[in-house]
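A.B. asks: Chains A and B supply the protein sequences, listed in that same order.
The first sequence stops at residue 1091 when you use the working numbering, and every number in between is there.
The second sequence stops at residue 1193 when you use the working numbering, and every number in between is there.
Read the hints as simulated data drawn from the structure, not as lab findings.
Where a beta carbon is used, it is the ideal one built from N, C-alpha and C, also for glycine.
Among the hints, a few may not be true.
Claimed, not checked - Pulled from the structure, derived: some chain A residues nowhere near chain B, Cβ distances all over 10 Å: (1) I810; (2) Q821; (3) G830; (4) P840; (5) F850; (6) N914; (7) G918; (8) P921; (9) S962; (10) E965; (11) A968; (12) L981; (13) S1020; (14) G1055.
Said to hold, decoys possible - Example chain A residues on the side facing chain B (calculated, C-beta under 7 Å, incomplete): (15) L783; (16) I863; (17) A888.
Said to hold, decoys possible - Using 30 Å as the maximum straight-line C-alpha spacing, the simulated DSSO-like pairs for lysine-lysine come out as follows: (18) B:K1088 x A:K774; (19) A:K1039 x A:K1016; (20) B:K1088 x B:K1065; (21) B:K1082 x B:K1005; (22) A:K929 x A:K1039; (23) B:K1065 x B:K1082; (24) A:K774 x B:K1082; (25) B:K1088 x B:K1005; (26) A:K1016 x A:K929; (27) A:K774 x B:K1005; (28) B:K1005 x B:K1065; (29) A:K774 x B:K1065.
Now for the letters of each chain:
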Amino acid sequence: MTATPAAAANGGGPRNTGAPTGLAAMKVSKVGDRVFLGLSSGAAWLIMVVLAGVAIFLLIQAAPAIGANWQQNAALQDRTSGFTLGFANFWDYVSPLLFGTIWASFLALLLGAPVAIGIALFISHYAPRRVSGILGYLVDLLAAVPSVVFGLWGIVVIRPFLGPLNEFLNSYFGWIPLFSGDVAKGGSTLLAGAVVLAVMILPIITSISREIFLQTPSLHEEAALALGATRWEMIRLAVFPYARSGIISSVLLGLGRALGETMAIAMIVSPKLIFSVQLLTNDNPATIAANIANKFGGANQTQADALIATGLLLFVVSFAVNLVARWIVGRTSTGPRRRRIPTRKAA
Amino acid sequence: MMTADVQANQPPAPARTLTTGRLPRLIDVWVALGALVAAALVFAGFGHLDYVAGWLALGAVLYLVAIGILASIVEGRRWATDRFVRSLVIVAFLLAIIPLVSTLWTVVEHGITTLTPQFIFNPEKTQFDRTTFKTVLVAGVWPAIVGTLIITGIAALISIPIGLLAAVWLTEYAQPNHPVRKIVTFLVDVMTGIPSIVAGLFAFALFSLLVGPGTFNGLSAAIALCVLMIPTMVRASEEMIKLVPLELREAAYALGVSKWRTIVKVVLRTSVAGLVTGAMLAIARVIGETAPIYIAAGYTRTAFNADPLHGAMSTLAVVSFRNYVDPDPTQPAVTQAEAWGSALLLIIIVVILNLIARLVAARFAPKARR
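Let the sequences and hints guide you as you build the complete structure.
C.D. replies: See the structure below:
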């Protein structure tokens, strides 16, 4: 355990000369090589199989519910756990959920992304070098807090915290549709959910954009400073152009996280299957993930399939978002960077 | 009023000289204090001084506005923008630290009184009350602790070897331009973004089709966690294996050591600290998952179940979720206490795992001499 890498490598030498040489040893190591190669490439293939399996099993389980005519289906019109009651088909049921998912994630991004990028900038370019590592670790610690804890925190801290703000916004800015309607007395508003969601996506956006900010070539930065730029001008001229695609993809990855986050919304927001942009009321659009978590326990077999179908849709949406994000990252991080240098006319 | 004072003390900005006026060094601190006092006065005027959070928020906004105006008067537009942005990112950072401190504090505050040895280790969930002759619930999370350990343990046993081997294949065997390597790397990245609840639905669908409809058990939840854990593990081990210098491998090959022995004895041996750290962080990531376990393993309030193959199984996170959202109607206090107690216990476990990971990384980090 305590041997240094160099010692481990050197120690292999003398011992190896004492090992049996010849065909037998070569055969043993050949077999070992083949087994190890088989195991490791098998593991790599297994990852593809798992991902395909996720899609296939969800599809098999969800297909009947997607194709069914819901009004003719006795199980879906069951009155004992009637959350699928009265919907014409799957799309009729899922469209408000899809709206809620995208709307809540958008709000969370709106609140969280600027703060997250600000933090990343603070850690990479403003904080003293010695403490920046610790500060980064603190933000990463936020990612380690279990989501159920954020849910509890949202209920006992964020709800009462936003209460007076809700009243204020509603009475003075109630003419804006966002803040109209009857203010929820208990505070189970979409705004509260979005605030907690914003906190939950901070670490992922911060850590990725911090990495990219730190990769800015220091020559670019020093050149800007040498020309007399202030620190902010240096960031605008050297750091942001370099990191633009990284920022975009980090925000998209944050969006992917927000789309699939369950607990913050399920515990804090009181849901309904509606299209509504009002932030401060008791009637908030439910999200796909929160709806599944709230309804799955009491669902009958067919209703469970319907919920799985909504989950499949969530999978497709977040997969697409992640795909685009990773594609942007991959396009910029591999291969030589092409910087657009304005072509100068020969004098 | 504070800002007015500060402005009065400033010498008038000398115009059109090489060195423009600069604000004194500690101006930020004074303006911040002034802004907080002004915000407090505003809230006191409205009679809401107890609303500390709003007071701080208004103080931050006032501080930003004041420092911006002050600097643009004294220092000029460019330096004022610079100062303003710096204040802005500092405020943003403080804004992120508040939730971290606040969540931890809230959970400790609510959960610390519940956390007794009786609460943690007592396997009985019900008790016969001699005075009322009724069976009552007793707050206790031993079944959930056992469930958490079993489910996370199975997930770790499956995911860590698979993740490690896949990382070895990606770094040691596959050529950089191998098409499968590119696809797998890409899919691993995309897989890290799978919503956790979808992983739970996948496990539920898998067991429904293979075993029978509506199967809830611990193994199913473990499979769901594997979907979340494998990509994290691959990513972490790939990063660590890439750090092993090529010279070490070449030295081993030059001595006639076969490839798999080189990998096991040199590459993995060298990066073992990083691999342990990665595994710890991967476990810490999934141990607090709620939604996939609730979907795949169900939930039981009273039963003690240590058999991952049969029957619903609870974990700390699910107990916390269900007990808070859906408290027992006859004894809400007991279930609420259970919710907070298990949340605190979960945080303690996650923090310990993170600390172990940090310690291992610091203790066994390869000492690069460069």
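A.B. asks: Please go over all the hints and tell whether each is borne out by the structure.
C.D. replies: Verification of the hints:
1. I810: holds (14 Å)
2. Q821: holds (20 Å)
3. G830: With a cut-off of 10 Å, G830 (chain A) remains clear of chain B, as the shortest Cβ separation is near 24 Å.
4. P840: holds (18 Å)
5. F850: holds (16 Å)
6. N914: holds (15 Å)
7. G918: The assertion about G918 (chain A) holds, with a minimum of 19 Å to chain B.
8. P921: P921 (chain A) clear of chain B: closest Cβ-Cβ about 24 Å, beyond 10 Å.
9. S962: holds (19 Å)
10. E965: holds (14 Å)
11. A968: The claim stands: A968 (chain A) keeps its Cβ more than 10 Å from every Cβ of chain B (closest is about 12 Å).
12. L981: The assertion about L981 (chain A) holds, with a minimum of 12 Å to chain B.
13. S1020: holds (22 Å)
14. G1055: Not fine: 4 Å to the nearest Cβ puts G1055 (chain A) too close to chain B.
15. L783: With a minimum Cβ separation of about 5 Å from chain B (threshold 7 Å), the hint on L783 (chain A) holds.
16. I863: holds (5 Å)
17. A888: With a closest approach of 5 Å, the A888 (chain A) hint holds.
18. B:K1088 x A:K774: holds (16 Å)
19. A:K1039 x A:K1016: holds (12 Å)
20. B:K1088 x B:K1065: holds (16 Å)
21. B:K1082 x B:K1005: holds (22 Å)
22. A:K929 x A:K1039: Distance of about 24 Å is within 30 Å: holds.
23. B:K1065 x B:K1082: Since the Cα atoms of K1065 (chain B) and K1082 (chain B) sit roughly 16 Å apart, the hinted pair holds (cutoff 30 Å).
24. A:K774 x B:K1082: holds (9 Å)
25. B:K1088 x B:K1005: holds (27 Å)
26. A:K1016 x A:K929: holds (17 Å)
27. A:K774 x B:K1005: holds (27 Å)
28. B:K1005 x B:K1065: holds (16 Å)
29. A:K774 x B:K1065: holds (25 Å)
In the structure shown, a violation is registered for the earlier hint numbered 14 alone.
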